[in-house]
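Residue numbers (this note's numbering), protein chains in the order written: chain Z, 1 to 149; chain X, 1 to 433.
FYI, nobody ran anything at the bench for these hints, they're computed from the structure. It is possible that part of the hints are untrue.
Stated by the list, open to error - Part of the chain Z face toward chain X, derived, beta carbon under 8 Å:
1. K10
2. S41
3. A43
4. G47
5. F48
6. H56
7. N57
8. K59
9. K62
10. Q98
11. N102
12. L106
13. Y107
14. V126
15. D127
Cβ atoms here follow ideal geometry from the backbone N, Cα and C, with glycine treated the same way.
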Amino acid sequence: MSEDKRRKLKQISVFLENRKGRLWKAMNVLSGAKINIRALSIADTSGFGILRMIVHNPKEAKKALEADNFVVKVNEVIAVEVMDEPGGLDELLGVLNQADINVEYLYAFVEKKSDKAIVVLRTEDVDAGIAALEASNINILNADDVNLL
Amino acid sequence: MIYNEKAECMSAPEKEGLQLKRLQDVVKRAYENVPYYRKKLDAAGITPADIQSLEDIEKIPFTTKSDLRDAYPFGMFAVSTDDIVEVHTTSGTTGKPTVSGYTAKDLDIWGEVVARALSMAGATRKDIVQNCYGYGLFTGGLGVHHGGQKVGCTVIPISAGNTQRQIEIIQDFKSTILTCTPSYAMYIAEVLEREGVLPEDIKLKAGVFGAEMWTEEMRNEIERRLNLDALNIYGLTEIIGPGVANECMEKNGLHIFDDHFYPEIIDPQTLETLPEGEKGELVLTTLTREGMPVLRFRTRDITALRKGECGCGRTHVKMDRITGRSDDMLKIRGVIVFPSQIERALLKIPGMEPNYQIIATRPEHLDELEVQVEASPALFSDEVKHVEQVTRSIEKQIHDEIGLRVTVSLVEPQSLPRSEGKAVRVIDKRDMS
Numbered sequence: 001m002s003e004d005k006r007r008k009l010k011q012i013s014v015f016l017e018n019r020k021g022r023l024w025k026a027m028n029v030l031s032g033a034k035i036n037i038r039a040l041s042i043a044d045t046s047g048f049g050i051l052r053m054i055v056h057n058p059k060e061a062k063k064a065l066e067a068d069n070f071v072v073k074v075n076e077v078i079a080v081e082v083m084d085e086p087g088g089l090d091e092l093l094g095v096l097n098q099a100d101i102n103v104e105y106l107y108a109f110v111e112k113k114s115d116k117a118i119v120v121l122r123t124e125d126v127d128a129g130i131a132a133l134e135a136s137n138i139n140i141l142n143a144d145d146v147n148l149l
Numbered sequence: 001m002i003y004n005e006k007a008e009c010m011s012a013p014e015k016e017g018l019q020l021k022r023l024q025d026v027v028k029r030a031y032e033n034v035p036y037y038r039k040k041l042d043a044a045g046i047t048p049a050d051i052q053s054l055e056d057i058e059k060i061p062f063t064t065k066s067d068l069r070d071a072y073p074f075g076m077f078a079v080s081t082d083d084i085v086e087v088h089t090t091s092g093t094t095g096k097p098t099v100s101g102y103t104a105k106d107l108d109i110w111g112e113v114v115a116r117a118l119s120m121a122g123a124t125r126k127d128i129v130q131n132c133y134g135y136g137l138f139t140g141g142l143g144v145h146h147g148g149q150k151v152g153c154t155v156i157p158i159s160a161g162n163t164q165r166q167i168e169i170i171q172d173f174k175s176t177i178l179t180c181t182p183s184y185a186m187y188i189a190e191v192l193e194r195e196g197v198l199p200e201d202i203k204l205k206a207g208v209f210g211a212e213m214w215t216e217e218m219r220n221e222i223e224r225r226l227n228l229d230a231l232n233i234y235g236l237t238e239i240i241g242p243g244v245a246n247e248c249m250e251k252n253g254l255h256i257f258d259d260h261f262y263p264e265i266i267d268p269q270t271l272e273t274l275p276e277g278e279k280g281e282l283v284l285t286t287l288t289r290e291g292m293p294v295l296r297f298r299t300r301d302i303t304a305l306r307k308g309e310c311g312c313g314r315t316h317v318k319m320d321r322i323t324g325r326s327d328d329m330l331k332i333r334g335v336i337v338f339p340s341q342i343e344r345a346l347l348k349i350p351g352m353e354p355n356y357q358i359i360a361t362r363p364e365h366l367d368e369l370e371v372q373v374e375a376s377p378a379l380f381s382d383e384v385k386h387v388e389q390v391t392r393s394i395e396k397q398i399h400d401e402i403g404l405r406v407t408v409s410l411v412e413p414q415s416l417p418r419s420e421g422k423a424v425r426v427i428d429k430r431d432m433s
């Protein structure tokens, strides 16, 4: 696997209709398939929601959800480690702002085994995002590591 | 107010005699001058001489919208275009429009029937008719215009839209009769209220509303808010335009001007003629048109006929308010929409699943269309922005196809109902009964 590829983390996103019980149904499918969710965020609009998740096995998760008629996409995001203390995210976003890179969305979770927080982010141009972060010596996590955390 | 007492209050035998004579004439004219009819009657083994009684009309094959469309543009004309002085068309949203051609005499007849309609609303030469039906190829605007002038009213050819201006004119010109779609009348009422204009402050006394289905509740609402008598007008481009039928002040059914348009009700499935009072599809034959005679046109509108003298003194047969269609056509804010058009628009989108459902509602007083489509990997992405772009582009595609703004909602795959037979594509929640 190339170094570049390793920096891109696989995320699955699921289309959810704004209807009672749909989020539960998605979780129920994943639990049935024994898939653990590392991180999750939901973007909601008046008409629909987008459920985004980092799971240890995106391929399996996609398969299970699709079998239950969910629309699922797998796409690439960047995972960055920041110190779980004031200013952590500020530095990260400052770098992207400086490089004039637009952030589509981000969400974060705290890693239990260390005192670090992990920020999952999607820049408009993922490669440009990676390049800018690397140039500023920000630690992009190895995708395999994150999925397996 | 009866515009033409002789024609409108004829005794039954007198009327039937006139109808038969006119029917024989029109069949003969159609047979001799329109190749389409000659072919059709020949194929059915009918000659004009076979029309010996009014019942004999049942021998004549039906004419459908697609027959008229196939004849686009002038194939149904029974006279040379030299003698046609005006043409109108349907909107043509479902393919080629159907064309209607009028000779000078046809325009005179059109003016006459609309004059009768406006007179039912009390119009006299003293009245000021604010005509907010669209002018142009659509028959509404000019049809009412011809009739209003025949009565001798002052006609304001303001056409549809620009509500602010409509309100100004209602106040400044002191319009007494309003002609538009019922939903537009409701909208005008709302704007008047918003501007703080009281019903007592305007001079409207009657409204002649049509071009879409509406209910008794809506009539009551319009009457209360605009302080006028709201009457139902019916017509269609294929037959002449507005003025095929109109309600009198009794407000319980529309008088069909049956000395010019001969009505029948058929069962849309068996195509058999139904007796008086039974609900079915309205079929119309033009008895007097020169430019474009139309025999047994299937309107697809569902209604029932009622004979007998009306409280107003007229003997024209009455038809009930239209409550539905015998096909899946929708009339949204006066515009005809077929599910097939929406399907065509949807299928232009790459990756679109052909599963959709159309939901018509009337949340306030204007019709709304929602189109639900099933999300698919091609339409979906992890970004809200992108998914919204997709729904907007579907909305635009549909708008380009049908000329109406709709709301597109993405639903989950497999969530729209499937059926074994004909899919239920349209859910009409407008409650027209």
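Tested hints:
no.	hint	in the structure
1	K10	violated, 11 Å
2	S41	violated, 10 Å
3	A43	holds, 5 Å
4	G47	holds, 5 Å
5	F48	holds, 6 Å
6	H56	violated, 19 Å
7	N57	violated, 18 Å
8	K59	violated, 15 Å
9	K62	violated, 10 Å
10	Q98	violated, 23 Å
11	N102	violated, 10 Å
12	L106	violated, 12 Å
13	Y107	violated, 12 Å
14	V126	violated, 11 Å
15	D127	violated, 17 Å
Hint compliance for this structure: hints 1, 2, 6, 7, 8, 9, 10, 11, 12, 13, 14, 15 are broken, all remaining hints hold.
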